[in-house]
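Participant: Each chain, letter by letter, is given below.
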Amino acid sequence: MVERLIPTALVEDNKFCPGCGHGIINRILAEVLDEMKLTDKAIGSMAVGCACLMVDTFGVDWIQSPHGRAAALATGIKRCRPENPVFTYQGDGDSMSIGFSETMYAAFRNENITAILVNNGIFGMTGGQMAPTSLPGQKTVTSPMGRNTDLTGQPLNIINQMKDLNIGYLARGSVTSIKNINRVKKYIRNAFETQMSGGGYSMVEILSPCPTNWKMMPDKSLEHIDNTVTTYYPLGEYVKKGGDSNE
Amino acid sequence: MALKLMKGNDALAEAAVRAGCRFFGGYPITPQSEILEYLSKRMPEVGGHFVQSESELAGISMVHGAAAAGFRTMTSSSGPGFSLLQEGISYIASAELPAVIINVQRYGSGLGDIFQAQGDYFQAVKGGGHGDYRMIVYAPASIQENVDFTTLAFDKADEYRNPVLVLSDASIASMMEPVDLPEMHEHDPNKSPHAAKGKGNGPFKRITSTMYYIDDFDTYIKTKYDNMAANEERWEAVQVADAELVLVAYGITSRICKEAVMLAREKGIKLGLIRPITLWPFPAKAFKALPDTVASFMTVELSPMPMIQEDVLLSLDTRKPVHNFLAGMNIPEPIDIVEKAADCIKQTAKGACNG
Amino acid sequence: MNSIICSGFGGQGILTAGLILAKISMDGGKQVSWVPSYGSEMRGGTASCAVKVSDTEIYSPFIKEMNTLVAMNEASVDTFERLVKPGGVLISNATLIQGRTFRSDIKVVEVGATAISEELKNIRGANLVMLGAMIQATGLFTPEFFADGIDAYFDAKGRNTPLNRECYMAGVTAAEQA
Amino acid sequence: MSKKDSKKSVLTLHPERCKGCRYCIPTCPKDAISVSEKINQKGYKPVMVDMETCIGCGSCYTICPDYVFEIKEVQ
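Chains as they are written, first to last, in this note's numbering: chain A, 87 to 333; chain B, 11 to 365; chain C, 19 to 196; chain D, 7 to 81.
Any given hint might turn out to be false.
Derived lysine-lysine pairs resembling DSS-like cross-links, with alpha carbons at most 25 Å apart [to be verified]:
no., chain 1, residue 1, chain 2, residue 2
1, B, K360, B, K298
2, A, K123, B, K298
3, B, K277, B, K232
4, C, K103, C, K139
5, A, K265, D, K78
6, A, K123, D, K51
7, A, K326, A, K265
8, B, K209, A, K101
9, C, K103, B, K350
10, B, K350, C, K48
11, B, K14, C, K48
12, C, K175, B, K277
Read the hints as simulated data drawn from the structure, not as lab findings. Computed from a predicted structure; not experimentally measured.
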């Protein structure tokens, strides 16, 4: 049995909605930074979306970028300060819609940064509009009849876009259970270890519930991820160069 | 120091390096690509960083990141690319970070064309991005000024913690003149008060719009830009002491106008010239200081529609006619400027108004 | 104020000729400017550059009417001959420009620059032959001062050969005899 | 190492942070968590824990998005 204390980076209560997965992800990210003794050196690049709510509550140096451009900012920071752990923290609308180009090109250049991409399948902060990651038939405020993939394309699987690139680490996890949370924490740790050993681009996509905009009770949100979302976005490690193997 | 014969773009890029710029992110577009080409080789030589970004949007955001890390940093673009930079410029201004932006103007809206022009004036000086910000805009007219004002731009960006724009054009970019380069200046990024470098034992930094953290932000930001406006006007006045008509032109066009002034004087026509060196703040003081002999003005612009004319009108205490010579896409001939100016002097005497 | 336009096919080293002229003039204590041809009217294989050399401040770097035209090909003469000031100098590459009647109010020096450079086994040196003829015909600098400048220019680039100076001097000699 | 054996994991509850998502309730292996009736400062009915039943396993800490639970070791 070990102590489970709130990590030092969580300096204030978070501002997310009840049942939001960001709260869990914030905590495990903070735990990893503490355990790796990186909290004092880390520089985070956030853009626009619910992730912005971390700027006052998650106590590392933050730089806020224009919507979608977090990976480009992180590139500028990391090239200038290669000794510092530099990470992006973005939602799927931010990183995969408006910021698809910046996200992909950071991976394409194999920038030595860590990307935390939180996928809840919608634009959360603006009220639950359809995102590239929304599922076929998913009802959102901008796909009221359900997402029509003939008109809007298939759900964007960012892992499939990146897995053949020359990058350091790529994994997808979820926060639906103790087991999954512990596993995604391991992924995040692997990602930062990749970066700190100069292993190149590392990305962890995390399937996360948005009970508010999904209009689901929190417990049903977790079930929805396990039963449905993961069929489109399978969990696991996809690229792993160096480091220990755990799966 | 020995003079060096350099192209405008190369000289500008070398000036940035010597000003301590150690990060450049940018995207190719004619006629500024030589700045990228030069820095792709030069930055590694001085321990700096060069990234050819996937777009101007990414390039300016990389610059934003490097500025937040405390580095002296720059991007450059032209026309269509300058439009894409506006997002990042607005964010950098809002975060009160220093950065230097270069726009080597080319002709036209949309795709336009690659030859010299001055059509980005409004976008440059009226704030092309969203929200409430201003940028000091320097308009070099020679290769030496490309060097001098790029150097100054880095100092002013640091002084005000604000992006500063150098508005060059395709002519200055590609021509060569002798330059006297400054000594190498090293900038210590760790001494930048705003630099993100990890919180260490102290409080964490939030490099975002400063409006979130400043009481009475409206007053604060207005005071900041009022101070810039009051203190940063620069201009050159040529033969204005007894002028009847004063030409107003900046950058490459001002040099043609200078030749026109000399030509006019040979013919006994009393022309003068005000050359704004800063386009924002526009040198209103230059106009307030003019003698009573000046009865009218004529702007000379490398664009098919008047732009500077508007700022000249705003700078005049009394309503005097402000004519314009719109050269469009063609380099004007000094003699043509003199002839139109002479005509305007006559029109003014007859009470004709602007246009 | 001396206004010089160097013009020819792309690849004839015409921009370099102008650049060498500007560089040596700068080292000779002159004010100089060098502007490459720009704009759609200059497309179609013809390249030119405008060089100003002056003892006083150069205002506009652009040239409409010139003191001297260095024409490497026929098209250059077509475009620029009419803009040479009366009494000005036109250096014509006689290898490529033949059977032409030139204006009578300008000094025309015909030099077989391409042929001379071929004879000297330095085909890329035709622009230097033209420069030699231009310096001789205009008296802008002494031929020797300029020859040393050419050596210095190529030395600085780390690719000088005696052929460069030979080409240039052949141009000086040809202009003397023309 | 003998000291470790004498340590005990004790849960500390921060009910003022609770937003009532109730992820913790089915996650608790001992069914020690339930919803309290009084409303906290955030306007939610926070969870409460039966300390007699709690074994300090930390499952609630792991699933909670709002840092309501901490596990501390005491002698």
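Participant: A separate judgement is required for each hint: does it hold in the structure or not?
Facilitator: Here is how each hint holds up against the structure:
1. With a C-alpha separation of about 24 Å, the suggested pairing of K360/B with K298/B holds against the 25 Å cut-off.
2. Between K123/A and K298/B, the direct Cα distance comes to roughly 62 Å. Violation of the 25 Å bound is thereby established for this hinted pair.
3. Between K277/B and K232/B, the direct Cα distance comes to roughly 47 Å. Violation of the 25 Å bound is thereby established for this hinted pair.
4. A hinted pair counts as satisfied when its Cα atoms are at most 25 Å apart, and K103/C with K139/C does not qualify at roughly 35 Å.
5. Of the pairs offered as hints, the one joining K265/A and K78/D holds, with about 21 Å between alpha carbons and a cut-off of 25 Å not exceeded.
6. With a C-alpha separation of about 36 Å, the suggested pairing of K123/A with K51/D is violated against the 25 Å cut-off.
7. A hinted pair counts as satisfied when its Cα atoms are at most 25 Å apart, and K326/A with K265/A qualifies at roughly 20 Å.
8. Of the pairs offered as hints, the one joining K209/B and K101/A holds, with about 22 Å between alpha carbons and a cut-off of 25 Å not exceeded.
9. Between K103/C and K350/B the alpha-carbon distance is near 24 Å, which keeps this suggested pair within the 25 Å criterion.
10. Taking the CA atoms of K350/B and K48/C, the gap is near 33 Å; set against the 25 Å cutoff, the hint is violated.
11. The hinted pair formed by K14/B and K48/C meets the criterion: a straight-line CA distance of about 13 Å does not exceed 25 Å.
12. Between K175/C and K277/B, the direct Cα distance comes to roughly 46 Å. Violation of the 25 Å bound is thereby established for this hinted pair.
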